[in-house]
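Visitor: Residue numbers (full-length UniProt numbering), protein chains in the order written: chain E, 1 to 188; chain B, 1 to 84; chain A, 1 to 453; chain Y, 1 to 150.
Quick caveat, the hints were computed from the structure, so don't treat them as lab data. Just so it is clear, the structure is predicted and the values come from calculations on it, not from any experiment. Heads up, the beta-carbon is just placed ideally off N, CA and C, and yes, glycines get one too. Check the hints yourself; a few may be wrong.
Stated by the list, open to error - Simulated coverage check for chain Y against chain A, where a stretch passes if three residues somewhere in it have a Cβ under 8 Å from a Cβ of chain A: (1) 96-105; (2) 120-130.
To be verified - Beyond 12 Å from chain E on every Cβ pair, some chain Y residues (computed): (3) E3; (4) S49; (5) A51; (6) R55; (7) T108; (8) E111.
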Amino acid sequence: MNQSPAPVPAMAEQDHPLDSLPGDLMIWVLIVSELLVFGAGLLAFLGVRIADPVAFAQDQDSLNRVAGAVNTIVLISSGYLAARAVHSPNKMRLWLSGSMVLGLVFLVVKWFEYTAKAELGIGIETSQFFTFYYLLTGFHAMHVVAGLVIFALIMRWPNPRNLEGAAMFWHMVDLVWVLLFPIIYLVR
Amino acid sequence: MTQSALTRAFLTLLALSIGTTLLTELRPQAGMGFVALVLLLAGLKARVILMDYLGLRLAPMWQRGFNAFLVVFLLTGLGLYLAG
Amino acid sequence: MKYQTQKIAYWYFLAAMILFAVQVSGGLIAGWIYVQPNFLSELMPFNIIRMLHTNSLVVWLLLGFFGAAYFLIPEEAEREIHSPMIAYLQLIILLVGTLGVVVTYVFNLFHGNWFLGMEGREFIEQPVWVKVGIVVAALMFLYNVTMTVLKGRKTAITNVLLLGLWGLALLFLFAFYNPENLALDKMFWWYIVHLWVEGTWELVMASILAYLMLKMTGVDREIIEKWLYIIVATALFSGILGTGHHYYWIGTPGYWQWIGSIFSSLEVIPFFAMMAFSFVMVWKGKRDHPNKAALLWALGASTVAFFGAGVWGFLHTLHGVNYYTHGTQITAAHGHLAFFGAYVSMNLAIFSYAFPILRGRDPYNQVLNMVSFWLMTGGMAFMTFVLTFAGTVQTHMQRVLGENFMDVQEGLGLFYLMRWGSGAAVVIGALLFIYAQLAPRREVISQGTGEEA
Amino acid sequence: MREVMTKTMARNVFYGGSLFFIVVFLILSAQSVSHIKNKSTVHAELTESVAKGKRVWEENACINCHTLMGEGAYFAPELQNVMARWGVEDDPEGAFDVLQGWMEAMPTGIEGRRQMPQFNLTEEQVRDLANFFLWVNKIDAQGWPPNEAG
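Use the sequences and the hints to build the structure in full.
Guide: Structural data, given as structure tokens:
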């Protein structure tokens, strides 16, 4: 964190630390809750792995790392488009549609991953590794679905403040993925 | 946040992600050093998302809090990995 | 009293307090059977007394919630209750049902009859006809308050309160679903029990707390309602999937162990937020409200709920711990403090706030009321410690060393004796509370004119 | 000054988030029902007698003294594994005999010992109850209870 300690002008005139928080406080309550849930889940995953790292590595080999890497790029690009949507009110729909299309791509890739597993007869109760794999990626994918629903609602009833909140939700989904992907797919 | 800053953040994220992919392709079985690097890259990505996508660059106090969370989380993760 | 129909609450609270007395007396008898196992064993066995203890608790808490709704909704919606007649009819149905339950249990009537006889699933043992009555009463209630709110001002407090009450009524419908497969039975049974106490009831509790804070501290409604949304959001976000902590060992899939552990650990957050909320509001508030007893109960409720539901719940919610403690006295310790802190105390807080207003003689007998608070809270806290020790010993001897259940229990006699003593303190406190509410005594500590809050 | 938190946003997050969790919970519930029916319980062996045994269990409010799979009143022993504890889990006739003998002996009336009431069950009811306990004993409860003591 080699940030230059430049004084931030916004802070001076504000009397409460909450005032400096970008966006709506309620969204941050949500973001923190989600980080706690996923953080606990990922640490539990690594904790359980201690008992049998070899089995975890074997199970991990059947994951599709390329699909995971592609999805990382898809999500961060989608996040970028959502952020652009917030900053360009007159082209909001265009940017947001792009963001939604990439969100759908993410889900399609995920779908192929899941069906490939199902064809191998792998399910949520197959092993400890796959219990976590399905719980964490599935819960994350549910958030992607929720984000798409929220974006669709915003397209229908545009409102700057809600758009800002929705984009923040979407960035949180990004954030969770960039932490989740390496820990589940790569750490071995 | 200006659009160029946003684009810069996106390009950084892209570069970091490609870095992760290259690392995985080059040395997939490398153990501790590999894992430490992968987690470091993940932390940097998360930091860019928090600072630029979520706008914490303008709120240094909160930025510190979230950075601390990330550092503690990733170090705990690394510790758990090493214990296994 | 600003609105005439708020008076309805008086009768609900009165009925609730009578059942409160029945409930704690039942608990005292049950506690004594732990000490003297032969006591009443031929006349009224332990299982009947325990049913009375738990069922009367649930019914009086619900009566309190209904009463609280009838009391605060007119003020929030700024209009009279839609139909007082329906409200009284609803109370009569509930009381007839309650009486039916007591008589059916005590005299073991209609044994085995599908409609008239006792059903025998924990907490929802009521005969089918009573369950139908409960649903009818709930529908009347929901119709009545929803109509009132729809026609009047809509506030966050009434929104959350109504959501909680609608939710608890809908979830109760699972009481009619009793599959033959025990694992399925248990799974859906928790839809009622867990999603009541760690879901919809929390909404009711938080909205009553918000109302009391609004009235007693004088803090802006805007601030209070934002807090309320944060509290109930964290309550449902953690509580719904927190149901997983009941799905560890009943034949449900193994992944619940992780969902349950993670989400139910976070169930501490809403209780912490409620405690923080009430203290911050009181500290920020400029008003020095004369009803100190109600304020004490409200602060006490959020604090004891944090410890009972939050901390004591967390103690045994991780599945690695719960594997050993499941179904021991640890559960009993948590259950007692959680129910007392969260729901009993919050009810008593709204009673203490509303009674002086309903009876038209502002704060009176506050000292007695506050003495009863310390008696009950102290008794409950001691009971929790004693049961926690008993449960720890039990867990070690029975679950780790594998000793026979009854042999272990016989070694716990001293704990049960102390538990009975603390229970006696609670009963005295409860009776004192009721006396303090009803006794026609004038103001004890302050001769001020008393403020219509 | 910008508002740190609007009530509309708070309300939207609360309602939207709750709806989200309800959906997730229902999906998991559906999966759990299928798990119970196909994996963790021998659904096929759930005979008429087992179902009747469950009703005997309920009508006599047994759960208000005993625990079953750890849930109940903690006053009397756990009964999910009672047949294993008695060593008759593979022997329906033996299970009936032991349970019949037990029920007849109640209450013991021994001073200072917890009393189980006399429920006056018919022979058929005892048989159903025994079958119920035998069936319950086979539920895959993730390795709970930790030992025979229950």
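Visitor: Under the constraints set out in the numbered hints, which ones does this structure not fulfil?
Guide: 1, 2, 3
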